[in-house]
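Undergrad: Read off the chains here:
Protein chains: 2
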Amino acid sequence: MNVLILSAGTRCKLVEYMKDVAGDSLVITTDCSDLAPALYVADRYYVVPRVDAPGYMETILDICQREQVAVCFSLIDPELPLLAANQHRFEEIGTKVMISPPEAVARAFDKWQMHKFCVQHAIPTVRSWIDPEPVRAALASGDLSFPLYAKPRTGSASKDNFQIESLSELHNVAERYPGILIQEFQSGEPLDVDVYVDMVSGEVVSLFAKEKLRMREGTADKAISVLDKDLEQFVITFCEVAGFRGAIDIDLFRTERGFAVLEVNPRFGGVYPHAHECGLNFPKLLLNNVSGASNRADIGTYEAGWIMMTYEDIVSIPPADALGPEAA
Amino acid sequence: MNVLILSAGTRCKLVEYMKDVAGDSLVITTDCSDLAPALYVADRYYVVPRVDAPGYMETILDICQREQVAVCFSLIDPELPLLAANQHRFEEIGTKVMISPPEAVARAFDKWQMHKFCVQHAIPTVRSWIDPEPVRAALASGDLSFPLYAKPRTGSASKDNFQIESLSELHNVAERYPGILIQEFQSGEPLDVDVYVDMVSGEVVSLFAKEKLRMREGTADKAISVLDKDLEQFVITFCEVAGFRGAIDIDLFRTERGFAVLEVNPRFGGVYPHAHECGLNFPKLLLNNVSGASNRADIGTYEAGWIMMTYEDIVSIPPADALGPEAA
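Here the protein sequences line up with chains A and B, keeping their order. So the first sequence is residues 32 to 359, counted in this note's numbering. So the second sequence is residues 32 to 359, counted in this note's numbering.
Isolated chain A (complex conformation):
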């Protein structure tokens, strides 16, 4: 059961975990940059065009066929809608895709759509607007106060996020970035939950919750594992309603009034290694699903209080290897 990890970037740890469970099968990676370290820790790799280049999907399908890939998945958000839309083409050549349904992917990609979905389904979420008028009204009535946050509807890694401290800043941001998402400041603990929704049964079978202790470029670089029955139930209910499949990553807050969803990345989250080092094993659950078996739910079996801290490791490759990808 060969595995293809698309747009693998710097996710070396995940490639290694996948190799651990793949046994004699190959773990193959792609990236559009030959300076992506995760290429070089895989069993085999391909440097491919950017996901937005013409013919990209054909290149990937060709690799799947040539390498007899049993399952593939991507690690970057812009590729998820593509995979969701082309799932049937992969299935025709015998490759499963770990991806959520197209509508779930589209919603997660657009934070405003996700917000509206949560409101419709009575899932507590962070108050958000794309029109500055109701924001001004709420501020005037005392129902809302500064600071506010503004972020692109489809952004990532905290790029182009602004903190808004006054009416004039609100005016400037709304003028300059029409349609930007405006969010209430959220006090409380920022949480991140890695979830595995079984691809056969559709049930949440594994989840790992952590409190984010410090952020760097939109991702926690220090976190502590959390065990909480209410949180587990909140996440399970949310996933049932939202229809995700496979490994996903949910950002939320624990507030005085309960939990509130901030956003979802329907792919392996950046700090999945924390979960893995605490005994969870999503790659194993995935390969089980690919072989046709469902997984039994195993929730809340890790230990609370494990602290994770990231640091920089390096991949170094000799001059010869730098020129020798499997194909272009």
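Honestly, the hints are just simulated from the structure, not real lab data.
No distinction is drawn between identical chains; accordingly, a pair holds when it is met within one copy or between any pair of copies.
As a list, the in silico SDA-like pairs of lysine to any residue whose alpha-carbon atoms are at most 25 Å apart: (1) K315 to S347; (2) K190 to E200; (3) K190 to T250; (4) K243 to P350; (5) K190 to F284; (6) K315 to P349; (7) K147 to E263; (8) K243 to P178; (9) K260 to P349; (10) K147 to R167; (11) K50 to S347; (12) K243 to D282; (13) K190 to K243; (14) K243 to T41; (15) K190 to R245; (16) K260 to S347; (17) K243 to V72; (18) K50 to D344; (19) K315 to N326; (20) K315 to S325; (21) K243 to R81; (22) K260 to G233.
Guided by the hints, dock chain B onto chain A, whose structure is given.
TA: Using the frame of chain A, we list chain B on its own:
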């Protein structure tokens, strides 16, 4: 020969390299945060006050005495002047310090002092000013053009750095941050050189040069090793004039008119692992020096074209360990 690494932060790789050469001796780390991952990869660790807290130096001297530390060094810039000023106190208790002379440390800490020193000693360097008047004059005469850069004289990690594109931006930056360093835009290849200046002989005995391929928070996260006799000679000459000792890190540019020094960190550089993975071994040279022996120069023996790429690894510690440092 126990080793103490001060303010170890996220430098887990360096701690591991040091453990490799230390054999049965202990490698001990300190940090002011108990969330510094390098604490937990050492043989023993201490969570200590911040370097600017009263009594900090006494805490460190006490650890050196208690742990029979043969050599200590720091990984953060604000601690270097402290170590340089207190070197004799360490020597009194039998601990060597890997540190450059106080005047060399002070110069490296203040980019404007370093610039003036280079100009005085005819060492090519990036054109810099702290007074905006000569900058305006040079712009008016066509001797200088936008963009310019402004950065704090004693900053690090590219924090509070500005690119200046126009006279009005120059005016605003100079008004708001009086005394800020203004630098010419430097075209050409950005290089970074790890150097080991023997603490016994005062000679440059090892160096590793790399071209920076991509930057993240002031440090190269992708780089390629470079072999260049002219560069070696330039760095050796510079180090002789500047009087550094031990492991240092030099940022420079290769321009059409030759090399130009940008700045120096007189400590292990953040991407030293690149050098180490290519066969250099500064920790071994350091322990040799501590035992009283000098090292033979061994320059230009690594391979050019090795590419280094960083990725995030994690340290995770169980709940019990998080509460048990050796001392506070």
